[in-house]
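With the hints as constraints, model all of the structure from the sequences given.
Under the numbering used here, think of the first position of the sequence shown as 4, with each following residue one higher.
Check before you lean on any hint, since a few could be wrong.
Result set (DSSO-like, lysine-lysine): computed pairs, CA atoms no more than 30 angstroms apart in a straight line [what the hints assert, rightly or not]:
{"hint": "1", "residue 1": "135", "residue 2": "93"}
{"hint": "2", "residue 1": "105", "residue 2": "120"}
{"hint": "3", "residue 1": "93", "residue 2": "120"}
{"hint": "4", "residue 1": "95", "residue 2": "130"}
{"hint": "5", "residue 1": "82", "residue 2": "120"}
{"hint": "6", "residue 1": "93", "residue 2": "82"}
{"hint": "7", "residue 1": "130", "residue 2": "105"}
{"hint": "8", "residue 1": "93", "residue 2": "130"}
{"hint": "9", "residue 1": "120", "residue 2": "130"}
{"hint": "10", "residue 1": "130", "residue 2": "101"}
{"hint": "11", "residue 1": "95", "residue 2": "120"}
{"hint": "12", "residue 1": "82", "residue 2": "101"}
{"hint": "13", "residue 1": "82", "residue 2": "105"}
{"hint": "14", "residue 1": "135", "residue 2": "105"}
{"hint": "15", "residue 1": "120", "residue 2": "135"}
{"hint": "16", "residue 1": "95", "residue 2": "82"}
{"hint": "17", "residue 1": "101", "residue 2": "135"}
{"hint": "18", "residue 1": "95", "residue 2": "135"}
{"hint": "19", "residue 1": "105", "residue 2": "95"}
{"hint": "20", "residue 1": "82", "residue 2": "135"}
{"hint": "21", "residue 1": "120", "residue 2": "101"}
{"hint": "22", "residue 1": "82", "residue 2": "130"}
{"hint": "23", "residue 1": "93", "residue 2": "105"}
DEER-style ranges, computed between Cβ atoms [to be verified]:
{"hint": "24", "residue 1": "123", "residue 2": "27", "range": "49 to 59 angstroms"}
{"hint": "25", "residue 1": "123", "residue 2": "81", "range": "36 to 46 angstroms"}
{"hint": "26", "residue 1": "102", "residue 2": "28", "range": "41 to 51 angstroms"}
{"hint": "27", "residue 1": "129", "residue 2": "22", "range": "53 to 63 angstroms"}
{"hint": "28", "residue 1": "34", "residue 2": "85", "range": "28 to 38 angstroms"}
{"hint": "29", "residue 1": "76", "residue 2": "20", "range": "15 to 25 angstroms"}
{"hint": "30", "residue 1": "114", "residue 2": "17", "range": "55 to 65 angstroms"}
{"hint": "31", "residue 1": "89", "residue 2": "18", "range": "51 to 61 angstroms"}
{"hint": "32", "residue 1": "74", "residue 2": "36", "range": "28 to 38 angstroms"}
{"hint": "33", "residue 1": "104", "residue 2": "25", "range": "24 to 34 angstroms"}
{"hint": "34", "residue 1": "130", "residue 2": "104", "range": "17 to 27 angstroms"}
{"hint": "35", "residue 1": "66", "residue 2": "24", "range": "20 to 30 angstroms"}
Source of the hints: derived by calculation from the structure; they are not laboratory data.
Note that the structure is predicted; figures quoted are calculated from it, not measured.
For each residue, glycine too, the CB sits at the ideal point set by N, CA and C.
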Amino acid sequence: MAMQIGGTEEYNSEINVTPMVDVMLVLLIIFMIVTPLLQQGVSVNLPRDMVSPDEDADIAKDTSVVIAIPDNNNFYIGKEQYPLTELGEKIKRLMENKTPDKRIVYIKSGVEVDYGKVVEAIDTIRKQDIDKIGLVADKKKGVEPKT
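Written out as structure tokens, the structure reads:
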């Protein structure tokens, strides 16, 4: 006859939730730390005083070309800085394999940037045979777009 230590002969059918909660909390902390690092490009102080239509979903894609102009002297594609003279060649290389309907370049310009600098960037883009240019602005909070 065998001796039983610490329990009954029945199986315990309850789920032990403690390890699952531990794993979920670790995953939550990892995602909270990694998410801000996934932001692409250079942060730009965008204008907010306008009511804009719904945001184009293509802006957030990795394959989209977004030019950030945080001040009058700097032009960025992603996190790489380019002078205005080299900006055209970089855009041309990025747009080589795209179909004509997907050849669109977005411009994020800061509030303090001169209008002339944005026009120079647009001229550089148009010289690369790109006709679709999107200007990015933040949506004004609390205001619904007019229909």
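Structure-based check of each hint:
no. : hint                          : result
1   : 135 / 93                      : holds, 17 angstroms
2   : 105 / 120                     : holds, 25 angstroms
3   : 93 / 120                      : holds, 18 angstroms
4   : 95 / 130                      : holds, 9 angstroms
5   : 82 / 120                      : holds, 19 angstroms
6   : 93 / 82                       : holds, 13 angstroms
7   : 130 / 105                     : holds, 17 angstroms
8   : 93 / 130                      : holds, 12 angstroms
9   : 120 / 130                     : holds, 15 angstroms
10  : 130 / 101                     : holds, 17 angstroms
11  : 95 / 120                      : holds, 19 angstroms
12  : 82 / 101                      : holds, 21 angstroms
13  : 82 / 105                      : holds, 22 angstroms
14  : 135 / 105                     : holds, 9 angstroms
15  : 120 / 135                     : holds, 18 angstroms
16  : 95 / 82                       : holds, 18 angstroms
17  : 101 / 135                     : holds, 13 angstroms
18  : 95 / 135                      : holds, 14 angstroms
19  : 105 / 95                      : holds, 13 angstroms
20  : 82 / 135                      : holds, 22 angstroms
21  : 120 / 101                     : holds, 26 angstroms
22  : 82 / 130                      : holds, 23 angstroms
23  : 93 / 105                      : holds, 17 angstroms
24  : 123 / 27: 49 to 59 angstroms  : holds, 50 angstroms
25  : 123 / 81: 36 to 46 angstroms  : violated, 20 angstroms
26  : 102 / 28: 41 to 51 angstroms  : holds, 45 angstroms
27  : 129 / 22: 53 to 63 angstroms  : holds, 59 angstroms
28  : 34 / 85: 28 to 38 angstroms   : holds, 32 angstroms
29  : 76 / 20: 15 to 25 angstroms   : violated, 56 angstroms
30  : 114 / 17: 55 to 65 angstroms  : holds, 59 angstroms
31  : 89 / 18: 51 to 61 angstroms   : holds, 60 angstroms
32  : 74 / 36: 28 to 38 angstroms   : holds, 30 angstroms
33  : 104 / 25: 24 to 34 angstroms  : violated, 49 angstroms
34  : 130 / 104: 17 to 27 angstroms : holds, 20 angstroms
35  : 66 / 24: 20 to 30 angstroms   : violated, 38 angstroms
Checked against the numbered hints above, the structure violates hints 25, 29, 33, 35; every other hint is satisfied.
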